[in-house]
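Colleague: Chains as they are written, first to last, in the working numbering: chain A, 1 to 214; chain B, 1 to 214.
These aren't lab readings, by the way, just hints derived from the structure by calculation. Check the hints yourself; a few may be wrong.
Unchecked claim - Quick list of the computed label-pair ranges, beta carbon to beta carbon:
#	chain 1	residue 1	chain 2	residue 2	range
1	B	ASN189	A	ALA39	57 to 63 Å
2	B	PRO212	A	GLY77	35 to 41 Å
3	A	ASP64	B	SER117	40 to 46 Å
4	A	LEU49	B	GLY74	31 to 37 Å
Built from N, CA and C at the ideal position, the CB exists for glycine as well.
There are 2 protein chains.
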Amino acid sequence: MRVAVIGANGGIGRELVSRLADAGHDPIGIVRDESQFDAVRDRGGEPRLGDLEGEFAPALEGADAAVFTAGSGGDTGWEKTLLIDLWGARRCVDACAEYGVDRFVAISAYNASEPLSEPESLRPYWVAKRCADDYLERSSLDATILRPTRLTDDEATGRVSARFEFRDEGGDAIPRADVAQAVVACLENDGTIGETIRLFGGDTPIENAIRPDG
Amino acid sequence: MRVAVIGANGGIGRELVSRLADAGHDPIGIVRDESQFDAVRDRGGEPRLGDLEGEFAPALEGADAAVFTAGSGGDTGWEKTLLIDLWGARRCVDACAEYGVDRFVAISAYNASEPLSEPESLRPYWVAKRCADDYLERSSLDATILRPTRLTDDEATGRVSARFEFRDEGGDAIPRADVAQAVVACLENDGTIGETIRLFGGDTPIENAIRPDG
Numbered sequence: 001m002r003v004a005v006i007g008a009n010g011g012i013g014r015e016l017v018s019r020l021a022d023a024g025h026d027p028i029g030i031v032r033d034e035s036q037f038d039a040v041r042d043r044g045g046e047p048r049l050g051d052l053e054g055e056f057a058p059a060l061e062g063a064d065a066a067v068f069t070a071g072s073g074g075d076t077g078w079e080k081t082l083l084i085d086l087w088g089a090r091r092c093v094d095a096c097a098e099y100g101v102d103r104f105v106a107i108s109a110y111n112a113s114e115p116l117s118e119p120e121s122l123r124p125y126w127v128a129k130r131c132a133d134d135y136l137e138r139s140s141l142d143a144t145i146l147r148p149t150r151l152t153d154d155e156a157t158g159r160v161s162a163r164f165e166f167r168d169e170g171g172d173a174i175p176r177a178d179v180a181q182a183v184v185a186c187l188e189n190d191g192t193i194g195e196t197i198r199l200f201g202g203d204t205p206i207e208n209a210i211r212p213d214g
Numbered sequence: 001m002r003v004a005v006i007g008a009n010g011g012i013g014r015e016l017v018s019r020l021a022d023a024g025h026d027p028i029g030i031v032r033d034e035s036q037f038d039a040v041r042d043r044g045g046e047p048r049l050g051d052l053e054g055e056f057a058p059a060l061e062g063a064d065a066a067v068f069t070a071g072s073g074g075d076t077g078w079e080k081t082l083l084i085d086l087w088g089a090r091r092c093v094d095a096c097a098e099y100g101v102d103r104f105v106a107i108s109a110y111n112a113s114e115p116l117s118e119p120e121s122l123r124p125y126w127v128a129k130r131c132a133d134d135y136l137e138r139s140s141l142d143a144t145i146l147r148p149t150r151l152t153d154d155e156a157t158g159r160v161s162a163r164f165e166f167r168d169e170g171g172d173a174i175p176r177a178d179v180a181q182a183v184v185a186c187l188e189n190d191g192t193i194g195e196t197i198r199l200f201g202g203d204t205p206i207e208n209a210i211r212p213d214g
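The whole structure should be built from the sequences, with the hints applied where relevant.
Modeller: Below you can see the structure in the form of structure tokens.
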């Protein structure tokens with residue numbers, strides 16, 4: 001499967017490019033800057049330029065699926081949350097529809113289901129993610145939305161817990177590498193189409209955890 | 001008509017409460033702080049407390065229509081744009097559905113139709129307004145969306161120009177008082193239900209300008 005990774009230079013994106021290549025897929029790593037091309041190639045991906053605030057859609061040419069894992073990050077202002085995490089995500093959905101990329105996996109956030117959750121400082125982020133998710137859900141794409149809890153840079157464990165329902169006690173932190181592996185598992189399991197899956201650290205092998213009956 | 005004005009202490013909201021009262025309607029002025037109650041009463045409105053980030057929905061009790069003219073304003077950060085202009089607006093739509101308030105007029109912004117318009121500095125705002133508008137459009141409410149161009153505190157003229165289609169050359173600034181009058185005109189004309197209307201300064205009497213065939 002040719003999978004366009006949007007945000008291929010991010011924490012999850014880098015892991016995802018590697019894992020897609022390892023699993024025999026053909027990752028396309030979409031980045032904003034040519035200086036990031038070598039890093040994408042080193043991980044087995046085909047680098048392409050795409051700017052979520054500018055020219056973007058042609059970078060999807062030939063892709064079978066797209067994964068949105070771009071984020072404005074914690075060091076930029078909330079205006080970038082609006083422009084990248086929300087509007088950029090919507091533009092990706094539109095671009096996929098335009099280019100016939102039918103399969104879409106979005107990396108959302110745990111409390112996008114309830115944006116006014118604690119801590120208050122994260123509420124604006126959850127609003128943006130929720131609104132992006134809603135747009136994707138209403139689109140024509142075959143979508144899976146992953147809502148991981150707090151992300152860490154810990155080693156992959158190959159195991160997570162997943163819930164398809166709201167779990168208000170929150171959940172354990174999850175390594176970005178395990179989120180990346182969950183994306184691969186979703187792309188390889190059409191049963192996840194139309195599902196919104198909360199992910200947190202846990203004990204279930206990833207391939208089992210993301211099954212709708214898992 | 002009992003009309004709940006959400007953001008009754010804002011520039012448009014204050015004008016709107018007065019004009020609704022003058023036109024024989026019963027405005028309910030929803031504000032965040034009891035210190036604003038007297039100002040609402042002075043304009044002929046019934047003041048109620050409502051917090052768009054907290055307890056809000058009960059303030060709509062008994063209303064026939066609601067007007068969303070709350071805004072985080074230019075002096076707050078973009079996080080408030082996400083929390084008030086976007087999520088607060090969505091909460092209002094949900095609250096209206098819950099309380100049986102079927103008619104809704106939203107004050108949006110001119111370039112919500114094309115959020116990546118110039119100037120770049122306003123793009124995050126247009127993203128928030130657009131996403132709020134989209135949510136309203138998909139709701140069950142009888143909605144009218146007004147998208148005024150740059151707002152001024154000039155005297156009311158009683159005249160505007162309105163376009164139902166995109167007009168890429170922008171438009172002339174418009175007094176807040178004329179936007180408020182356009183809201184009253186929309187509430188009194190069911191032909192505006194389901195319409196998104198761009199408003200700018202002009203020469204057409206407001207009641208005529210907001211007609212779908214105007």
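Colleague: Which numbered hints turn out to be false for this structure?
Modeller: The structure breaks only hint 3.
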